[in-house]
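Peer 1: Quick mapping for you: the protein sequence lines, in order, are chains A and B.
Here our numbering is used: the first residue of the first sequence is 1, the next is one more, and so on.
Here our numbering is used: the first residue of the second sequence is 466, the next is one more, and so on.
Calculated directly from the structure, the hints in this document are not laboratory data.
Careful: at least some of the hints might be erroneous.
Claimed, not checked - Across the chosen pairs, the derived CB separations fall in these ranges:
| no. | chain 1 | residue 1 | chain 2 | residue 2 | range |
| --- | --- | --- | --- | --- | --- |
| 1 | B | G933 | A | I388 | 17 to 25 Å |
| 2 | B | A827 | A | G390 | 50 to 58 Å |
| 3 | B | Y1026 | A | E106 | 54 to 62 Å |
| 4 | B | R581 | A | H215 | 57 to 65 Å |
| 5 | B | R885 | A | G154 | 25 to 33 Å |
| 6 | A | F418 | B | S575 | 50 to 58 Å |
| 7 | B | M514 | A | P35 | 37 to 45 Å |
Don't be surprised by glycine CBs; every beta carbon is placed ideally from N, CA and C.
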Amino acid sequence: MQKEYRTIASIVGPLLFVEGVEGVKYGELVGVELPSGEKRRGQVLEVERDKALVQVFEGTTGIDIPETKIRFLAKGLELPLSMDLLGRVFSGLGEPKDGGPRILPERWADINGAPINPYARNYPNEFIQTGISAIDGLNTLVRGQKLPIFSGSGLPHNRLAAQIGRQAEVLGTGETFAVVFAAMGITFEEAQFFIEDFRRTGAIERAVLFINLAHEPTIERIATPRVAFTAAEYLAFAKGMHVLVIATDMTNYCEALREVAAARREIPGRRGYPGYLYTDLASIYERAGRLKGKKGSITFIPILTMPEDDKTHPIPDLTGYITEGQIILSRVLHRKKIYPPVDVLPSLSRLKDKGIGEGKTRDDHADLFNQLFAAYARGKEAQELAVILGEGALSEMDRIYFRFAEVFERRYVSQEEFENRSIEKTLDLGWELLALFPRSELKRVREVILDKYFENGVRKSKETA
Amino acid sequence: MEKLKEGRIVKVSGPLVVAEGMAGAKMYDVVRVSEMNLIGEIIRLERDMASIQVYEETGGIGPGEPVYPTGAPLSVELGPGLIESIYDGIQRPLNLIRDAVGDNISRGVSLPALSREKRWKFTPLRKVGELVKGGDHLGEVEETSILLHKILLPPGMEGRIIEIKEGEFTVTDPIVRVETKEGIVEVPMMQIWPVRKLRPYREKLSPLIPLSTGQRVIDTFFPISKGGTACVPGPFGSGKTVVQHQLAKWSDADVIVYIGCGERGNEMTDVLMEFPQLKDPRSDEPLSKRTVLIANTSNMPVAAREASVYTGITIAEYFRDMGYSVAVMADSTSRWAEAMREISGRLEEMPGEEGYPAYLGARIAAFYERAGRVTCLGSDTKEGALSVIGAVSPPGGDLSDPVVQATLRVVKVFWSLEDRLAYRRHFPAISWLNSYSLYVENLEEYLKKEVAEDFPDLRGEAMRLLEGEAELEEIVRLVGIDSLSTSDRLILEVARSIREDFLHQNAFHDEDTYTSLKKQYRILKLILHFYERGKDGLKRGVPIQKIEEISVKGQIARAKYIPEDELEKFAEIEGEIDKEMGNLMAKG
Ligand SMILES: Nc1ncnc2c1ncn2[C@@H]1O[C@H](COP(=O)(O)OP(=O)(O)OP(=O)(O)O)[C@@H](O)[C@H]1O
Ligand SMILES: [Mg+2]
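Sequences and hints are given; from them, build the entire structure.
Peer 2: Right under this line is the structure:
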């Protein structure tokens, strides 16, 4: 039995300063018992001689100085692991939240994990079909990738994430993903949306949900993504499953981190976020990936709402510096009623080059997306120019680009929420739209590919292709 | 050596541990922390208290636990076996760590950087009785099919060889015995060198030879010299890592040291998997056979990240001392600076700009100062070069960032990556208007002699056209294209061709990924030939639309895909330009 202390010296925000302690270790899990008998958990953030600084996950409301009891538990925060995790809903700290029983663990694992040895990694290169053209065709997702959705408040990022979760599959394998869902500070309605969607589609059977709602303790959110990845690592690397981790909203996570930093009176970095935000986020995001000789994989889609739609805000900025690309949603497209409102030009999947082409998607994929991309970029420029000078000022060719950009948004980017487009269909649609142009204008496509797929402005029939 | 007293931990705060009872310890000495034997380095001393940055996670460590001084500074092992290795920030072999403890890095693992078992064939280059001094080549080992590893007498040593062996030895076996003033010294192949101390050379030389990188916008417009320094700042996704990888692949250096400093694990895997498959265009051997990797990715301990750039550059200096041209890529120096900031914050030092320590600028300058073209130590005159290319990742891509500014004060080449270009998928997204190279003049002689007399002039003309384009675009934006004169429209046409057919270079295209200097010259000359003929055409009344639509343009656009051994094709396309333009003039 560990020693019990009643030696809290002060309480600041989510932090306790405990004195007269002995044998305390950095990072250790702490049990806090309130006068009411309520039990909470905390973690040692710093220890100096006989003083320990403790962050309380459930917050400090109701904690007093004379009566509250503190215990140092000689281990880190751990999650019980077993296949029974699937189909269950837990709190942000991994406590059952669905009225079901506690997990009978096969084993326990520290939620912080240990860094993956870069030498042990396998390069992600297997195409994931999401059935969404703006992703599959232009910003291809691969197994083991970390690809965030940068969104703004009021944009349909949750619907998009749920659609990906529903439709994601690796072609030819028939394999589906297990989904680990981490919610941090989202509303009840948002959480309900995901739970209902998982229920309706049966995905709940292969899903694990960790949910911390907006009214629930903020500091708990610091643990939530780590808890989720601990479950994901178990499913992927111990049980060989392909796991899709969806985390929303990372902005709330970062704010919790900022709250602790402020309470510690750390020197704030940009916009008050701690200077180590990059490293902290990396310690979560880098848990995604594939390992040599292991069957499973972890693909990670964090969602974050950009404050003021500003991509240079530290949260999207540092996320972009860690992830392998980003899907950016556009308010302008959303207003035009385009779903999913993917802002194609600044979106990017950095791993797409290794996941597409012959044997993965189709031999024309790379040329085609380069061309679609270039044409859309030029079309956008033409649109801008037309705003200033009027459409009349455009050259004949620019007018075609102008038209292309519109059709492209309406037909290629836009699709139904329950429409699952095959990659074939996405690629063919691309050729169909390029038919607006004369062949000589398609400079980004190699001749051999043009010969095979493009003839007098129409996609050749599949037999000849 | 006297046994140093062990200390006791009094404080643990993330990667920072404070211990008391450390009297006698020296700054930057390595210590072992707790019974777990975690590696740390002393970064501040106050009376008998030492502040220690720990290179491994400190979870589970607490006050009262012991700290064992080692009495030695943080050092690297230098000798055969470096090439094709992958190390963490403090030179622990990541491949062997995986063999030992599995896919995740656990703590307290201690493995030698250079194998103690492997035997290397040592061929002596010196004889008994010869006088040798520090830096002299004692012999050599064929480390890989393209790298002869010279075994050096360590700096500072001098004397007469009284025995030199030949045959197969491990790195710690003595291979030479030297009689010095201080007595007889046995010299093994391996040297140990403290990472924070620069390895000495005889003198610095001015950089006159380009480091050919095969990247057109770099070699032609903003070249770096052998022994030069360059930085690549840019927002996320703008192409810093791709530029660094391209340079690591295609630079004509003898040895590459690639430091993945606080970046993605998958990017290191990419290098590990790709380099053995790629052939060096000069030797036709796998690129991995000249490459050393340092990987301290973003999820690995932050203090070891701080050390990683020093580990990398010390290894690079060692190869430079053999008389080789070495290139170091550090991706990203911002993560190194952030590691400094984090440790400095925990030490509660007075913060400078953006919370970075006041010595940020000094550290960055000192790091890049270790680059250069030099005369190596030793009795005969050998020349070595160490080029350093650092990526910088400023928040929001904002170049006023302190790390960018401190770097720009010391480096001579600035490749400015712009997200505006990256969004248009103009790669490499190096801005031709904002970037610069202060080596351009230094390298002119070499380029004239080795490539073509008029290469510098062509470069100048192309640059003027691009600048002209920027001004003209401004006008077009305001009043439309119709207001331009025909000669201005020709400038726009040619500038577009320079951008799309020359500057734009796809790193993932088999032929396009590398372009020799000779071919770069030919492409540029081809485009400017079109310009000259176009001007003639205009003079003779050919309408600008006809020139804009000329069919040879397609061939110009594809000229970059002409294989390196078919450069005669350029003359054919030039002929085709003359022919088609001639036809137009005849009609006009
Ligand atoms: N020369 C190039 N050719 C083709 N594609 C390129 C080139 N340079 C960059 N890219 C594209 O841009 C993407 C991002 O490049 P890169 O990973 O180098 O960015 P970065 O600046 O290092 O970003 P971060 O700061 O987040 O690490 C690549 O994945 C690739 O798709
Ligand atoms: Mg990068």
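Peer 1: Against each hint, give a clear statement of whether it holds in the structure.
Peer 2: Hints, verified against the model:
At about 22 Å, the CB distance of B:G933 to A:I388 agrees with the hint of 17 to 25 Å. One distance hint, 50 to 58 Å for the beta-carbon pair B:A827 and A:G390, holds here, with the actual separation near 56 Å. Checked against the hint of 54 to 62 Å, the pair B:Y1026 and A:E106 passes, with Cβ atoms roughly 56 Å apart. Taking the beta carbon of each, B:R581 and A:H215 are about 60 Å apart, inside 57 to 65 Å as hinted.
A hinted range of 25 to 33 Å for the beta carbons of B:R885 and A:G154 is consistent with their spacing of about 27 Å. Taking 50 to 58 Å as the suggested C-beta distance range, the pair A:F418 and B:S575 conforms, at roughly 56 Å. A C-beta distance of roughly 39 Å is found between B:M514 and A:P35, which places it inside the suggested range of 37 to 45 Å.
Hint violations for this structure: none, all hints satisfied.
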